[in-house]
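Colleague: The lines below spell out each chain.
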Amino acid sequence: MAEPAPLLEIRDYSLSISTFDGVLKVLDGINLSIAPGEAVGIVGETGCGKSITVKSVVGLVPSPPARVEAGSVRFDGRDITSADEATIRRIRGQEIAMIFQDPMTYLNPLFTVGRQLRDVIQAKDRLKPQSERRDKRSIQAKAVELLSQVHLPNPERQLDAYPHQLSGGMRQRVLIAMALAGAPKLLIADEPTTALDVTIQAQILDLVKDLVERLGMAVLVISHDLGVVAAICQRIVVMYAGTVVEDATTEALFENPKHPYTRGLLAAIPRLDGSADSLASIAGTIPNLIDPPRGCRFHPRCAEAGETCRQAKPPSLEGAPGHWVACHIYGGGVG
Amino acid sequence: MSAALLEVRGLTRHFRVRDGFRQHRTAVAVDGIDLALRAGEAYGLVGESGSGKSTVARMILRLLSPTAGTMVFRGQDITALQGEALMRLRENIQIVFQDPHASLNPRKTIFFSVAEPLVIHRGLRGTALQNRVEEVLEIVGLSGNFLYRYPHELSGGQKQRVCIARAVALDPKLLVLDEPTSALDVSVQAQVLEFLRDLKARLDLTYLFISHDLSVVRHLCDRVGVMYLGRIVEEGAVAKVFSAPDHPYTQSLLSAVPLPQAKQPAGRIVLSGDVPSPMAVPSGCAFHPRCPRKIGAVCETERPSLDSRPQGRRVACHL
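Protein chains in written order, with my numbering: chain X, 1 to 335; chain L, 1 to 319.
Calculated directly from the structure, the hints in this document are not laboratory data. Glycine residues also receive a C-beta, built at the ideal position from the N, C-alpha and C atoms. Hints are supplied without guarantee of correctness; some may be wrong.
Pairwise CB distance ranges (calculated) [stated by the list, open to error]:
{"no.": "1", "chain 1": "X", "residue 1": "Ala-283", "chain 2": "L", "residue 2": "Pro-106", "range": "51 to 57 angstroms"}
{"no.": "2", "chain 1": "X", "residue 1": "Asp-291", "chain 2": "L", "residue 2": "His-14", "range": "52 to 58 angstroms"}
{"no.": "3", "chain 1": "L", "residue 1": "Glu-138", "chain 2": "X", "residue 2": "Asp-12", "range": "26 to 32 angstroms"}
{"no.": "4", "chain 1": "L", "residue 1": "Arg-149", "chain 2": "X", "residue 2": "Arg-115", "range": "38 to 44 angstroms"}
{"no.": "5", "chain 1": "L", "residue 1": "Lys-240", "chain 2": "X", "residue 2": "Gly-322", "range": "39 to 45 angstroms"}
{"no.": "6", "chain 1": "X", "residue 1": "Lys-313", "chain 2": "L", "residue 2": "Asp-198", "range": "36 to 42 angstroms"}
{"no.": "7", "chain 1": "X", "residue 1": "Ala-183", "chain 2": "L", "residue 2": "Ala-266", "range": "29 to 35 angstroms"}
{"no.": "8", "chain 1": "L", "residue 1": "Ala-239", "chain 2": "X", "residue 2": "Pro-315", "range": "42 to 48 angstroms"}
{"no.": "9", "chain 1": "L", "residue 1": "Asp-198", "chain 2": "X", "residue 2": "Thr-112", "range": "52 to 58 angstroms"}
{"no.": "10", "chain 1": "L", "residue 1": "Pro-106", "chain 2": "X", "residue 2": "Ala-183", "range": "44 to 50 angstroms"}
One chain only, chain X, in its complex shape (with noise of 0.2 angstroms):
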């Protein structure tokens, strides 16, 4: 591919998480790339492994009970797989910053925004010599400067605001300002608006592909609406139970879906032009992760599975420049 060195990059990234009931066999095999600037989408159902990718990657999962079986995470050119912790807390909050879906929870209700907000920037100040570290009127300056580039009204005073006392927009507009404190080269947004109204999801998804356009910073969105990863998203991930299916361009992706999964979650969504009929629904129950389906794993769902889905797993192959599927029957250009 005659793309830039990808920003992030994972390869062949399996993972697995030891219970109560047996080891969960939780990603088999993911592979990941987001370019400087670009804006990535993962999307799938609950449980499809999106969230605990990002989570694994950035070493938010603790191990035991989860263990990577095999693959690597190469971010910014260094090899974080086996990052020991110290160097993760570099990274994390730094360089990758995240966000998520219910931002209270994220928010401590005790002490004011601006004190939150205050000690995000020390924090990532510690990391720095003595002689560039700011002093207490910078500090403030600097949280008055975060608050206004995510357009919250009167940053000034908000400072002063206990959590409480945000809507749930202006929370989200406080942690986005939080996540941006470490000028991070890729911003994580885990269902950033799920939380939120329509009314509302609008605003956060214009500031963020605001944001994205402003700072030249690469965000990776994970989402289980396909409306939502659309409206920001140059390219979009499908997952299924720990694989990637298909891996494509916004356009591809939507004109042109090829994994008989991405066919079946897009003809499953009702449409607001009334457009849809009646809504396909897919067969069927997603698998449990400790004993996993022999090859495709989504074969026992899939109407058009032959011999070959139920025995090996398909690799993902370009069919189109850019358009990945992880299909024996519509990979590699088929169909």
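Go by the hints and put chain L onto chain X.
Modeller: Using the frame of chain X, we list chain L on its own:
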């Protein structure tokens, strides 16, 4: 046009909210709404959180008593029903809630959960009860195998079917569905939506469908009412309202939905600010502080009435 199954006039609900020591403020959750459900239709009530849609549902079910207004169900005033009569009303109006997991008792079997309304209202027991429970589960597409399972053994979609089975066990006329698919994944949601559509025709039901998801309402409902801060701002046939919304709020709401397609339509309206608090509803038209098409002082001072417009639509706007 068929006769109204349920007619609601001037329905209002205030909540007293504690505000400091021995002080209270009033939150206006529902502010004088008029609504008529026709027999056999699916009526969607949409709005953002805090718009009062669930409060309306809870008042119709008589789980909450209205501060003002009347509700007439099949010609009978149900606003102040008590005792025996209220019991009989509950047979006819049933509800399915958002989170099926929270609505089922984790320590009781599916049989128990579905049987309970039949025992209370019909006094069924023994074989008759067993047969009816099996019959109802059959209606929602669950086999007898599920009878003695516990909720944790079922998937989200199956649990929601159990909740629906329990709600239709008494042959209600009106089924209130409060965000029934919000907790489900899309492919499961598709199943439940298709099933609800089919069920309505089979059992001759009327739906009051409450949702914040516009696409879901578009798919399932015949008519839609859009709520903002406790008032209905626009109402009409789903296809008409969605293709050509009249109220600026409906327009921005529809335009705010990100579409699962390659190109997002141009000219999206992004509203600024948040929904005001129901404790301080703006004067005049409640939407005026955020309205992109405000025409002037009249919006700030005069509350627009929900006027009838052609094609059975009603819009509350000065435009």
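Colleague: Give a verdict on every hint.
Modeller: Hint by hint, here is what the structure shows:
1. X:Ala-283 to L:Pro-106: 51 to 57 angstroms: Given range 51 to 57 angstroms: violated, Cβ gap about 28 angstroms.
2. X:Asp-291 to L:His-14: 52 to 58 angstroms: holds (55 angstroms)
3. L:Glu-138 to X:Asp-12: 26 to 32 angstroms: violated (47 angstroms)
4. L:Arg-149 to X:Arg-115: 38 to 44 angstroms: Since L:Arg-149 and X:Arg-115 have Cβ atoms about 50 angstroms apart, the given range 38 to 44 angstroms is violated.
5. L:Lys-240 to X:Gly-322: 39 to 45 angstroms: holds (41 angstroms)
6. X:Lys-313 to L:Asp-198: 36 to 42 angstroms: holds (37 angstroms)
7. X:Ala-183 to L:Ala-266: 29 to 35 angstroms: Once the Cβ atoms are compared, 32 angstroms apart, the range 29 to 35 angstroms for L:Ala-266 and X:Ala-183 holds.
8. L:Ala-239 to X:Pro-315: 42 to 48 angstroms: Hint holds: Cβ distance 45 angstroms, inside 42 to 48 angstroms.
9. L:Asp-198 to X:Thr-112: 52 to 58 angstroms: Check passed, 53 angstroms falls within 52 to 58 angstroms.
10. L:Pro-106 to X:Ala-183: 44 to 50 angstroms: Given a distance of about 47 angstroms, which is inside 44 to 50 angstroms, the answer is holds.
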